[in-house]
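Going line by line, the protein sequences match chains F and A.
Residue numbering for the first sequence follows the working numbering, starting at 1 and increasing by one per position.
Residue numbering for the second sequence follows the working numbering, starting at 1 and increasing by one per position.
Among the hints, erroneous ones may be present.
Unchecked claim - Here chain F is said to cover these stretches of chain A; the calculated rule only asks that three of the stretch's residues, wherever they fall, bring their Cβ under 8 Å from a Cβ of chain F:
# : segment
1 : 285-296
2 : 326-335
3 : 356-370
4 : 482-493
In short, the hints are calculated from the structure, not lab data.
Each residue gets a CB set at the ideal place from its N, CA and C atoms; glycine is no exception.
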Amino acid sequence: MAFAQQSSPHARRARSTSQVMLWVILAALPGLLAQTLFFGWGNLINVVWCIAVALASEAAILKLRNKPIAFFLKDNTAAVTGLLLGLSLPQFAPWWVSGIAVISAIVMAKQLYGGLGSNPFNPAMVGYALVLISFPVAMTTNWADPALLWQGAPSFTDTLRAIASVQQTVVDGWTMATPLDEYKHKIGSLTAAEVTSHPSFGDGVARGWEWVNAAFLAGGLVLIGLRIITWHIPVSVLAGLAIMSLAFGSNADQYAPLSLHLLAGGTMLGAFFIATDPVSAATSHQGKLIYGAGIGVLIYLIRTWGSYPDAVAFSVLLMNFAVPFIDHYTPPRTYGHHKARRGVPGRTQG
Amino acid sequence: MTQLWDFSGGIHPDENKHQSTARPIRAAVLPEHLILPLQQHIGEPATALVKVGDRVLKGEKIADVTNGLGVPVHAPTSGIIESIAQLPVPHPSGMTDWCITLRPDGEDQWVELQPVADYRSLERDQVLDMIRDAGIAGLGGAGFPTDIKLRPPRDRKVATLILNGAECEPYITADDMTMRERAGEVLAGFKVMAWLLRPERCVIGIEDNKPEAIAALRAATEGTQIEMAVIPTKYPSGGEKQLIQILTGMEVPSGGIPADIGVMCQNIGTAVAISQLIVEGKPLISRTITITGEAVREPGNFEALIGTPVQHLLEQAGLQPDQVNRLVMGGPMMGYILTTTAVPIVKTSNCVIAATASELPAPPPEQACIRCGMCAEACPMELLPQQLFWYSKATEFEKAEHLNLFDCIECGACSYVCPSSIPLVQYYRYAKGEIRVQRAEQLKADRARERFEARQERLEREQQEKEQRRKERAKAAAEAQAKKKAEAEKAAAEGEAVDERSAKAALVQQALARKKAKTEAAATAKEPAAAPSEPAVEKPDLEALEKQLTQAQAKLETMQGMLEDAKAQQADNVDKLERAVAKNHDRVDRAQKALTEAREQLARNTETQSPD
Numbered sequence: 001m002a003f004a005q006q007s008s009p010h011a012r013r014a015r016s017t018s019q020v021m022l023w024v025i026l027a028a029l030p031g032l033l034a035q036t037l038f039f040g041w042g043n044l045i046n047v048v049w050c051i052a053v054a055l056a057s058e059a060a061i062l063k064l065r066n067k068p069i070a071f072f073l074k075d076n077t078a079a080v081t082g083l084l085l086g087l088s089l090p091q092f093a094p095w096w097v098s099g100i101a102v103i104s105a106i107v108m109a110k111q112l113y114g115g116l117g118s119n120p121f122n123p124a125m126v127g128y129a130l131v132l133i134s135f136p137v138a139m140t141t142n143w144a145d146p147a148l149l150w151q152g153a154p155s156f157t158d159t160l161r162a163i164a165s166v167q168q169t170v171v172d173g174w175t176m177a178t179p180l181d182e183y184k185h186k187i188g189s190l191t192a193a194e195v196t197s198h199p200s201f202g203d204g205v206a207r208g209w210e211w212v213n214a215a216f217l218a219g220g221l222v223l224i225g226l227r228i229i230t231w232h233i234p235v236s237v238l239a240g241l242a243i244m245s246l247a248f249g250s251n252a253d254q255y256a257p258l259s260l261h262l263l264a265g266g267t268m269l270g271a272f273f274i275a276t277d278p279v280s281a282a283t284s285h286q287g288k289l290i291y292g293a294g295i296g297v298l299i300y301l302i303r304t305w306g307s308y309p310d311a312v313a314f315s316v317l318l319m320n321f322a323v324p325f326i327d328h329y330t331p332p333r334t335y336g337h338h339k340a341r342r343g344v345p346g347r348t349q350g
Numbered sequence: 001m002t003q004l005w006d007f008s009g010g011i012h013p014d015e016n017k018h019q020s021t022a023r024p025i026r027a028a029v030l031p032e033h034l035i036l037p038l039q040q041h042i043g044e045p046a047t048a049l050v051k052v053g054d055r056v057l058k059g060e061k062i063a064d065v066t067n068g069l070g071v072p073v074h075a076p077t078s079g080i081i082e083s084i085a086q087l088p089v090p091h092p093s094g095m096t097d098w099c100i101t102l103r104p105d106g107e108d109q110w111v112e113l114q115p116v117a118d119y120r121s122l123e124r125d126q127v128l129d130m131i132r133d134a135g136i137a138g139l140g141g142a143g144f145p146t147d148i149k150l151r152p153p154r155d156r157k158v159a160t161l162i163l164n165g166a167e168c169e170p171y172i173t174a175d176d177m178t179m180r181e182r183a184g185e186v187l188a189g190f191k192v193m194a195w196l197l198r199p200e201r202c203v204i205g206i207e208d209n210k211p212e213a214i215a216a217l218r219a220a221t222e223g224t225q226i227e228m229a230v231i232p233t234k235y236p237s238g239g240e241k242q243l244i245q246i247l248t249g250m251e252v253p254s255g256g257i258p259a260d261i262g263v264m265c266q267n268i269g270t271a272v273a274i275s276q277l278i279v280e281g282k283p284l285i286s287r288t289i290t291i292t293g294e295a296v297r298e299p300g301n302f303e304a305l306i307g308t309p310v311q312h313l314l315e316q317a318g319l320q321p322d323q324v325n326r327l328v329m330g331g332p333m334m335g336y337i338l339t340t341t342a343v344p345i346v347k348t349s350n351c352v353i354a355a356t357a358s359e360l361p362a363p364p365p366e367q368a369c370i371r372c373g374m375c376a377e378a379c380p381m382e383l384l385p386q387q388l389f390w391y392s393k394a395t396e397f398e399k400a401e402h403l404n405l406f407d408c409i410e411c412g413a414c415s416y417v418c419p420s421s422i423p424l425v426q427y428y429r430y431a432k433g434e435i436r437v438q439r440a441e442q443l444k445a446d447r448a449r450e451r452f453e454a455r456q457e458r459l460e461r462e463q464q465e466k467e468q469r470r471k472e473r474a475k476a477a478a479e480a481q482a483k484k485k486a487e488a489e490k491a492a493a494e495g496e497a498v499d500e501r502s503a504k505a506a507l508v509q510q511a512l513a514r515k516k517a518k519t520e521a522a523a524t525a526k527e528p529a530a531a532p533s534e535p536a537v538e539k540p541d542l543e544a545l546e547k548q549l550t551q552a553q554a555k556l557e558t559m560q561g562m563l564e565d566a567k568a569q570q571a572d573n574v575d576k577l578e579r580a581v582a583k584n585h586d587r588v589d590r591a592q593k594a595l596t597e598a599r600e601q602l603a604r605n606t607e608t609q610s611p612d
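Next comes chain F alone, as it looks inside the complex (with noise of 0.2 Å):
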């Protein structure tokens, strides 16, 4: 009897990373919905492009770089860069737009450091901020009306086309800038409650965009009980824009109030689905929690005094150049020490 040779554990859980990202894009789903029934076909469309243009450029370079395709392909990482992109990219965003974020998000920001698990930036947030930078008008002015899909919103053909750049005055009435951004703009000028009269505001906090983040929320949620998150980088993200929204901006005339803050941008989105990226982010829980609050500090100082409407993008780069300074200094003290082992060997003590 020839007998299989494995060191232990021989017991292992049937969860694959493909899973896992499988998991990742189910939970999306529900703010794909959302995003779909108030803000049209664009996010849908966007979804699609995105993550075939993702495994088609995942494809080209792993052949280039010798490396079986399909195997990698399966893990689903591709799939998942380019769907967090499809659902942050504005709804009108011209197909090269898209395509050129997507293409950097995988070539530069994942490919080029080695692939997966080798990336030091989260790759979708390293192409859609390549593309803010690059394409300012036309990421910043295709942001869709929020309009029930069943009230009259463009159809698919109109969005489609609006995209394809084919004819784009298609959804020229049917585009605005964020309520963030109107916010942002127009309090210096005017009172909250004049600001919050455009429809664009609705009823509640920000008419779709309210639902959009609760359904993204809610996908998060399941993520963390099914434990593929953790709650320590949403919630210090969440707690990290709140408390800096509360100290500094409480007043509603000046500055967005929290409300907008949690659920009128890409808040929920960025704190379970994008600031999450175990890549890229801190290791241990006491790091997840600074990682997490930097974002959150920084999606408020850059929403509130620097030129961007939102944030989320630049924030969760800025605090992945922090990760390794994170993660060296904020080690889990193991079992049977007196304290953890900061810093580096031979010159802390633990």
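Given chain F, work out where chain A should sit, using these hints.
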């Protein structure tokens, strides 16, 4: 209700315990051979006390450790010693080791047993010696000799004695079934340990997935002071460090032992072995072992003699040989692979899993680490498995060590949860092995350096000593020379000094030589025929003078050489030598005078001789 704490991390793998708890513990049929490795656990290997061909009785000591840590091995049944040879032993490496092979004679004849009526009437040391003599080593983990463990250092008073009935590894039910069926023995053994250690608190920890065992032990502990702690099922709660944390809230210090915090854990099987020793006088010759897995038709527990080949036990459990894909000694989390069924079970063997390919499938190919952190969530030691993996893979061992690699208990929880199917534990073992090798090499290098430095020092010292001796010799020689000179001077003062005389003689000789040359020249010029007659007169004198000249010259050379040596070495006899040389100069001057005189005399002689 006992207060419980939780430990960090942990996992909930499929338990797979029900398969082997359906049947009561069966007594294994006597095998044809029993193979008894001389080293069955941690410590020194035992030395055989028997020879091939000896007949031994059941329970007879057949091997013992005379030097160092270890316990004896006993014959599990009566029979003939068939061989003492290298045979495969249960070890992760699949290595062979020295084993005594016993062929049972079927009579199962015991040695005379000496049970103890009341162990409390004995000295504690006597009981501990009995435990050692009975060959009892921990039946759960590494097999540490029980008597040594029960003798903690004086300053480490054991306040809490824990009986580990957690048995958290999937598949294994040996302790569970033992507690169910032999609760009385478990308790009796535990009481002996408690008597030996006199702890303040005795507690039995059992996972809540063993209701029958809990009930049995509850009944047995009724009315005693022994606590029953039913703990939540979570792997690895049966790990010593984790169980201590659950039951006491304390952590064993890194690099320390439980006794450092006044705690000791003992195994269920060990308690039974001690009970059998005290009550029946029997040494440790058998143990309960789980034989399970989908490749056996009747999985269950066996009371098997130590040394029973695994093949024999698998057959009794209904092995389907074509179904076995993986043969695991131990549990599916921490057990190791057996390469052959010919290996025997030893004192520490608690389970054999004959798994089918679908039961414990080969892992899918390793994917990239996505730093998801599930490993850190699962780690019961609160390590950072992904960082350890990263550094181990990159051979940055210093950093891995800094992140407490050596606190890893290799429980396998991280590998179990890893979605990228990375064999994390294997990487840690590799890193630990490499670090150990490096340390050993460092030690070797340090020793070599020390040796080299010591040698250099020794050579230098020897060189100095040699130099010193040379100087002393030179000094002694110079003194001797000076003494001689002084004596010679004395002699010269008394009469004519040998040196002076020889110097004079030399000068005379030179003069004679010159004279002779002149004479010869004159002779050849004037009267060649007369020449032959002359040497007959002068020859003997010339020869003697020549000899004296050579001797005097040699003496002078030696003396000058000595003076130079003495100067070069700055010896303290330089002054003397210089004085001697100065005197010599005087002598030379005098000799010069003598030479002039001699020349004149010779000249006169020639004048007298020349006219023919």
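Hint check, failures only
1, 4
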